[in-house]
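Number of protein chains: 2
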Amino acid sequence: MLNTSAELDRLSLNQITTERRTLRETVDACARKGIGWLGAWRHKIQEDPVRSAKIIRDAGLRTSSLCRGGFFPAASAAERRKRIDDNRHAIDEAAALGTDLLVLVCGPAPNRDLAAAREMVSNGIAEIEGYAQSCGVRLGIEPLHPMYAAERSVIVTLEQANQIAARFAPDRVGVIVDVFHVWWDPKVYDEITHAGLRIYGFHVSDWLVPMPDLLMGRCMMGQGIIEIAKLRNAVEQAGYRGPIEVEIFNEKIWDMPVDDLLRDIKRRYLDTV
Amino acid sequence: MLNTSAELDRLSLNQITTERRTLRETVDACARKGIGWLGAWRHKIQEDPVRSAKIIRDAGLRTSSLCRGGFFPAASAAERRKRIDDNRHAIDEAAALGTDLLVLVCGPAPNRDLAAAREMVSNGIAEIEGYAQSCGVRLGIEPLHPMYAAERSVIVTLEQANQIAARFAPDRVGVIVDVFHVWWDPKVYDEITHAGLRIYGFHVSDWLVPMPDLLMGRCMMGQGIIEIAKLRNAVEQAGYRGPIEVEIFNEKIWDMPVDDLLRDIKRRYLDTV
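Note that the protein sequences, when read in sequence, are chains A and B.
Residues 3 to 275 in the numbering used here are what the first sequence lists, from first letter to last.
Residues 3 to 275 in the numbering used here are what the second sequence lists, from first letter to last.
Since the hints were made in silico from the structure, they are not lab data.
The beta-carbon is built from N, C-alpha and C at its ideal position, and this holds for glycine as well.
It cannot be assumed that every hint is accurate.
Unchecked claim - Just some of the chain B residues that point at chain A, by a computed CB distance under 7 angstroms: (1) Glu81; (2) Pro148; (3) Ala151; (4) Arg154; (5) Val158; (6) Gln162; (7) Ile166; (8) Leu216; (9) Leu217; (10) Met218.
To be verified - Stretch-level coverage of chain B by chain A, calculated; a stretch enters the list once three of its residues show a Cβ under 8 angstroms from a Cβ in chain A: (11) 227–240; (12) 245–257.
Only chain A is shown next, with the shape it has when bound in the complex (with noise of 0.2 angstroms):
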């Protein structure tokens, strides 16, 4: 299968991608340049979520996924019922815009101790779970690039992620691959086959070199080193076939005109992923 090219119609535009356009500027585009699915982001629906399911579903788009529930470890137990309490909503919001994919991005340590910030995750996932499952909503654990282990995850392999997620049943709790954050990991190809049909959602952009930055430096498929095409084989031989996000952090593709971004996205995706 390797060197076939992905299938547009799996093409998913991560809202981050376009964070300087509202969220009807995004979809209008994708609409034009006939890209049928979008990742949503709560800072741009959050307002007003049945609203922006509308403008979601009238030009003709579903969402694929919203970003993000997590940042479970917090240092009292006070505030991590605020943040149980937050996930909830994101919940209710992913349920609004009719996606049954909540994205979590699991949160740092409030101090140093990594071993119970990485319990506070598991014991909130737990939390969550069941009302998740009430929502018609799954629950997707997304491992961060190590660099980001101080300031955002502390979840940060496949193989930790799908070890939370054996806690639970496969169809309320997975796992989602972003090759940004697991290209390097001598275990990345034993751990997509281990996740199997927990593999809820697969993102793509690739890895400057030089890397400018820590959380901008990210670059459109193929200007980078990710070996993207043997990723996306591989989550398709452990039974993925649903969308694939194109989710760049990156301050000059962000002021691109969003038309022109659009055709580079797509064009891309069809040479390298």
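Dock chain B against the given chain A, drawing on the hints supplied.
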């Protein structure tokens, strides 16, 4: 054993921490401050290893290791051969300095193919380990943080370093545990136990939050979020009793007056390592 501080006679100054000083300036300052070990870098001693050895010895210091061999992967067989030759020079330099430890930073992939590059690393170590032994030099594989996978090392976890080391005799090839590179890893304590007496070196620094830069964002022990004492206790439980190198890439630290810097290092080392 937690909360006991490391003994001062195990403190070693890794020479990158005083990158702006000559070898003589560094060892004289160490002698004034009662620091008995130096972790040497090749670019500081390469011009004349024998004379460098005398400078170190005359100041009453010992050399804990030489940084660095490695960088095995390359696009052509001829270039890989050159890298092997360079590693032999590094082994000669380590022997000239009187240290029995060459630290290996294994190198990035010459293209996108990580699996092939990792194979080149194993093959490279196999090619030099006999020569190293004949010179009385052990090889310490240092897994780097995964944020360096694209530019410095395809060896990114202690598990992976342990697996490569295991192909060789335990007194010839081992691993270096650098807290900055491994702290985030959910398996780090298991793999430290697994490494056991193959732990040839232990490096300390800290991870600043927010992290300002991929390369130059290390900070003084205690200023960041790494569980340094927990990691030190783990390597000691595994049997490590050798020097503890302080290795900090940081422009501000490089600009400090060297005596002030070494005073800070001693205090931070006693307080937090």
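Earlier hints that do not hold, by number: 1, 4, 7, 9, 10, 12
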